[in-house]
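Asker: Okay, here's what each chain looks like letter by letter:
4 protein chains.
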Amino acid sequence: MTVEVIAIGGYEGVGGNMTAVKVEDEVIIFDMGIDLGNISEDTDIDRMHSLDLIEKGIIPDDTLMREVDGKVIGIVFTHGHLDHIGAVAKLAHRYNAPIIATPYTAALIERIIKSERKFKVENPIHSLKTGNKIKLSDKITLELIRVTHSIPQATIAALHTHEGIIVYAKDFKFDDYQKTSPPPDYDRLKSLGKQGVLALIVEAINMDVDKSKASTYSERVVKLILEGLMKRPLVEKKGMLITTISSNIERIQTIADIAKDSNREILFLGRSMERYCGLAESLGILDLPSNAKILRRPKEINEALNKADDRREKYLLVATGHQGEPDALLPRIANGKTPFSIRPGDTVIISAPIIPNPINKANRHIMEKKLRKSGARIYPDAHVSGHAGREDHRDFLKMLKPQHIIPAHSYLSMLSLYVELAEEEGYRLGRNVHLLRNGQAQVFNGYE
Amino acid sequence: MTVEVIAIGGYEGVGGNMTAVKVEDEVIIFDMGIDLGNISEDTDIDRMHSLDLIEKGIIPDDTLMREVDGKVIGIVFTHGHLDHIGAVAKLAHRYNAPIIATPYTAALIERIIKSERKFKVENPIHSLKTGNKIKLSDKITLELIRVTHSIPQATIAALHTHEGIIVYAKDFKFDDYQKTSPPPDYDRLKSLGKQGVLALIVEAINMDVDKSKASTYSERVVKLILEGLMKRPLVEKKGMLITTISSNIERIQTIADIAKDSNREILFLGRSMERYCGLAESLGILDLPSNAKILRRPKEINEALNKADDRREKYLLVATGHQGEPDALLPRIANGKTPFSIRPGDTVIISAPIIPNPINKANRHIMEKKLRKSGARIYPDAHVSGHAGREDHRDFLKMLKPQHIIPAHSYLSMLSLYVELAEEEGYRLGRNVHLLRNGQAQVFNGYE
Amino acid sequence: MTVEVIAIGGYEGVGGNMTAVKVEDEVIIFDMGIDLGNISEDTDIDRMHSLDLIEKGIIPDDTLMREVDGKVIGIVFTHGHLDHIGAVAKLAHRYNAPIIATPYTAALIERIIKSERKFKVENPIHSLKTGNKIKLSDKITLELIRVTHSIPQATIAALHTHEGIIVYAKDFKFDDYQKTSPPPDYDRLKSLGKQGVLALIVEAINMDVDKSKASTYSERVVKLILEGLMKRPLVEKKGMLITTISSNIERIQTIADIAKDSNREILFLGRSMERYCGLAESLGILDLPSNAKILRRPKEINEALNKADDRREKYLLVATGHQGEPDALLPRIANGKTPFSIRPGDTVIISAPIIPNPINKANRHIMEKKLRKSGARIYPDAHVSGHAGREDHRDFLKMLKPQHIIPAHSYLSMLSLYVELAEEEGYRLGRNVHLLRNGQAQVFNGYE
Amino acid sequence: MTVEVIAIGGYEGVGGNMTAVKVEDEVIIFDMGIDLGNISEDTDIDRMHSLDLIEKGIIPDDTLMREVDGKVIGIVFTHGHLDHIGAVAKLAHRYNAPIIATPYTAALIERIIKSERKFKVENPIHSLKTGNKIKLSDKITLELIRVTHSIPQATIAALHTHEGIIVYAKDFKFDDYQKTSPPPDYDRLKSLGKQGVLALIVEAINMDVDKSKASTYSERVVKLILEGLMKRPLVEKKGMLITTISSNIERIQTIADIAKDSNREILFLGRSMERYCGLAESLGILDLPSNAKILRRPKEINEALNKADDRREKYLLVATGHQGEPDALLPRIANGKTPFSIRPGDTVIISAPIIPNPINKANRHIMEKKLRKSGARIYPDAHVSGHAGREDHRDFLKMLKPQHIIPAHSYLSMLSLYVELAEEEGYRLGRNVHLLRNGQAQVFNGYE
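Residue numbers (the numbering used here), protein chains in the order written: chain A, 795 to 1242; chain B, 795 to 1242; chain C, 795 to 1242; chain D, 795 to 1242.
None of these hints come from the bench; they were simulated from the model. Each hint should be verified, as a subset may be incorrect.
Copies of the same chain look alike in the list, so a pair counts if it works inside one copy or between any two.
Unchecked claim - With a cut-off of at most 25 Å between alpha-carbon atoms, the simulated BS3-like pairs for lysine-lysine come out as follows:
| id | residue 1 | residue 2 |
| --- | --- | --- |
| 1 | K923 | K1054 |
| 2 | K984 | K1032 |
| 3 | K1167 | K1155 |
| 4 | K1131 | K1005 |
| 5 | K1131 | K973 |
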């Protein structure tokens, strides 16, 4: 009896994640994500067909599943970022199987399915809490294990099979101090390690020691940093803006908590702010103070900006556009395309990294140049990563002790750095560390 | 009546600081530092003559003072780092004037004078607390203002003269949360600004926005980072080492506080650890817990390392050598030249930056390579800077509102970045921002 | 009697050059350039008023000339790049003085004046050959000295006055091996040095030793490089494209000479190709072989591309767009917006640097990604700079031996690197090296 | 029947190359190199035992050959660099098989064997010219194919077997214009491709597009560059030094040719200059002019330096030490440890890259700093690589059309970049591109 891991997408870059695990004649799919790097300005995803999107490299090429001789019995999403769930409305309907995810992730998936214009997606959606298991078949049980990332209710998935446990661990960090997410369930991870993990499919995004931390800092470090940066502008009679990643609910919570007792009204502005924050608030994950408000509709945003332009000392504007994307709010403010104008001495805090590709760098450069020209004081990069660092991954390997490892979710040269880490821990490429390309499969024989 | 600022050293690079301020016929000297970058391995500074050291660029060239027509009435040291006080024993005896510094700085100066082998330095040493003033002559009063840096009792000096106030502000950051240093005295700085600052001589070390933070983070951020990094190794049955900058007493305090309730004995090892920490402890600045000890003599260090080699889970070794300097303790441990051997799984935390010159990079590379080969887990760069960032400097200018500015303590290309900042605040190079080279002077006419 | 150098534009960045030299009551203006970095996509320069362009930082702010008490008797342009001549149609008409330039530069200026829509520019245009002098007044004689750059007929200007010689040397390299430009007139430069140069205004663009060559390579080095790169594709049955800087006539000549005996027709495509190359050809500077053609009008370009698409092995397309500017030809080809499609195995040679700003990097990245996706083989950066390197500048100083130096045409931090070079040669900032900001003036007393 | 490629050394970094190819029961070994990166200052290689050197990672770990069931019938060295031949005296005697190499490489190997102090190496040495074949057994014929690199007589090896051809191509570039080496034998490479290449083992050193050229430039490009740089100093009355890589005979030839007609005597100084150049001269590869001399013994070098110190305008000193290695000649001159002192205006040309590791960077930095302090004018990095660029490798694949590819001679992350190139050409990792780690083997079935 064998287990097969099929790399569908996300094994040759960052984005477009999709993996199938076949246990005898049954198949579980993990993630259906999009590759944001391949989307150009004029792509109207909502109206496009899967095959076009596959050709453009925007969604994973799941056509190889036709040749996989097995029945899909579940589609599992481990967290709610678009590179993991963004293709659900384009691909899920092809499989007669339920969608399974934690409640917050499930709610985000429902939203995507609702806004889809091309396909009708009717897969049932099962909400599964971390710590709980679900029996997918006689042979396979799924468990979602609590972990932390840069979005709430992120999980590591474990498939319990007769051949051993398969762990799917994409997108996580070890953070014991988030307010909106409890700490990772280290005990459970260690106990899986004792039971016997046959194979680990694991992210390898932050492996570049020169550019990342050996161990990724907690969000509470950003909290201190933001407290330091926000202290002065909160009390000054000037404008104050923060841009951050809308799905980073912990960061949103932090900003709100710091500004809670100020004399400013906190406005979270924009559609994606509303999507992630509104949902998180309705599920009781995000706890906004009474001086905070989420505004979604263009009209109400414009009215608010108009008021804020006159009485700028009374508002803290939290806007989208941390990468300088021309259509997002902060870049539009910088360009003078909204009722709110930057004035000398206004503070702009960018609580996000520059995602290091030349286009983002150009957009950020243009935005910051314009903001500075208007007299803004800019505090960039008040941020920590949501991905485990090199030494965190070593700790993870020590907990899980997998027989086999498949690093994923990055370019080959970055995956190679994970291979070297694994080799430091006694593994060996080709023997028990495996590099898969999209479309390739690795077969394991359980309990050898 | 005029005031003249004479750039003696430290205006063309980082190190070797010395400035004279002449008010009519009286002169105050600020700092007598060494330039560590020009010291090669075989330099025996203690036995060398000033003129040789001047020729090698190790100490400031104060021979130009012969041509300054005025009487030196005070030598002021604003904090205790070697690039500010290291040349005191080579230069101070030439001037018939007292040395003035805060108690901790004064104690460090006394140590240097004691170890000098070439010159007899007999200048009286006056200890002056921050917040206090001392009347140096009928026309000049010196005040030391509380500020924070990466060493205790750092100060900004203000000379009160009939022509206005001269502020000497080299080496500071704004940190409101240090345990061993109270926050900067912002109120006093603002009130100086109201009284009228004629000229500001100011450090310009962290002006490179691409490489530094817009606002330098507090030491309490490092505390959180170190808590995160130290948590696991503190309880593991493995060796644990930290290297940091001996004079960074706040950092030493942080490390001790975090490890205080662990089962490990905290050993601060080495001569320079003893110099800075021992002195800080005796002055009540540093408060070490009962499980901490400072060891200075090679013999006792060796004995301790021997014991620690056997029972490594019982010790936290805090060692010198953060830049990989071959003769310091951690590099010697890495090289197998001490009784303590690194074993697989031991943790090494480097709580210091790589000072970015090729020699340090090579030394650090060699040290880290050897540590890794022995199986150490390395956490580098758990550190924040001790120097103000670009936006902090802007805040500083808003407080002081100086008529004239002289940026100092860096290379011309870095000083230029300060000039650009000052120009953003309404100043103009050549009119009221002045670039001095070593040996040049700038004359100001007070209250124009 | 005094000479005054007035920095109007180009002293705080790269672009927008304009300098006035006042000798007693007469003024000579050097260059009227635009700052390409401040032009955004929607700027319609041809129709804009000077004051608007000044406000946007696109042309130099010459309003300060109102306060200069003297008569402008000549406007001198030392070569034909837009950052030196691009503002002529916006500014020259304000001065009742002739325009003076070498024939090629003069012809380019005439073109700009013709396409101007806002102002009527009627200054007489005098064409002056290098090696010749023109008496501008009783007191001032202008001489243009032959030098090399990346455009033909580049010059160094010398003003002969009773107070000494003023040399204006912006944009040059020392290249003894160009086909379209004779070598620099070193003898004349040395003889000026012997006569006595009062002040040198000099470019400081390539001073960063880490990023540039100590001595800038000759164009004949690029010729060898291009020969190597073009050899294979010239004979293959595939498409072949080169993009380069239209005004770099030497490079155009090199490309044509290499492809001359191939079986391909060489097509230089686009309006700016026609402007610079057509003019150079008509003046006998550029000598194109019989298998080369310059196409300007969109219609003929499209027809040619259409033919080339079918019989790609028969053409060498030389296109604009080396920085990936979206509206230029090569990026449009990459985007599939022309009748010519890139096919697998086609070769694209980029004979230009990436001008290092984030926007160019993004545009180049997007273009190269698309080209690669279509299967193109890309050879980037077959290029050498047109600006003197650090050691070349040292040689220049040794020739001219100026009493005073004003480095220009870069950011303050780069100008600082020139200051350090000058100081190595015995000069000193503030004494005989002067840093001017736009709007500032430096007064010299001749023959002190 | 199968062919097996066994990766012994050089598959996890740059250096220590050794590969075995097993065809049925017969084995051919390629290269026995050292890893210079693992040698520390106090290593006395000549006196050390193989097992110690293996443990320190200095020579390949060939102990795994004990388990290889086959008879070694030949040891082939494809060129004479130490990372390919440096371990011959430590490993070859273990195998009862002849050494085969081109004459120059063979002569270098003989020298190494002669200086060995620990082992007696008595393998017969067969000199094989490129273009010739040697029948190693009934089943295996070896052919050495002419190629270019940065040392003369570099080759690509082809093993003709019944299963197909195995090509071993480590360390080459395509350079059609070297004086001391004829162009690569492209025709033969293409004809191998037609016959059928089963597997290609290929270097992957220059794969990093951001840091290397798409196509590596010819040595004739360096010739032009050196001509440009040497022109001025050759005729000045100043000192003139060049440092380059001793084994780069083409470069040596170039330098000699440029200085041939000058009034300077060209002195090649040092033991390694003598080793490589002396040998090349005696074999008729290097053709030194009458004003050139190679000096080897310390005494004669000192005498020459003494004379050159007095009459510096009469000599061109070509010295070792391009990486600033403290014991090499140029760094010793910089340190004032020889009879020759650098004086202001002397020129130093460094015709070598900085091999990018922190130790070299530090050594170079120290050397250059000292040279500059003495007044030297430094021209660094007049160099082109000896390794094929990314597009050159693509051309190579098009010639050979191998069924399988094993990239080698670099770190995993760099090998990955080769994998991506191969995948662009239709190969696929795991199917016909294979990543081996030291100690692993890949089995091929010929003519499947």
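Asker: Hint by hint, which ones does the structure fall short of?
Answerer: Result: hints 1, 4 and 5 break, sorted rising.
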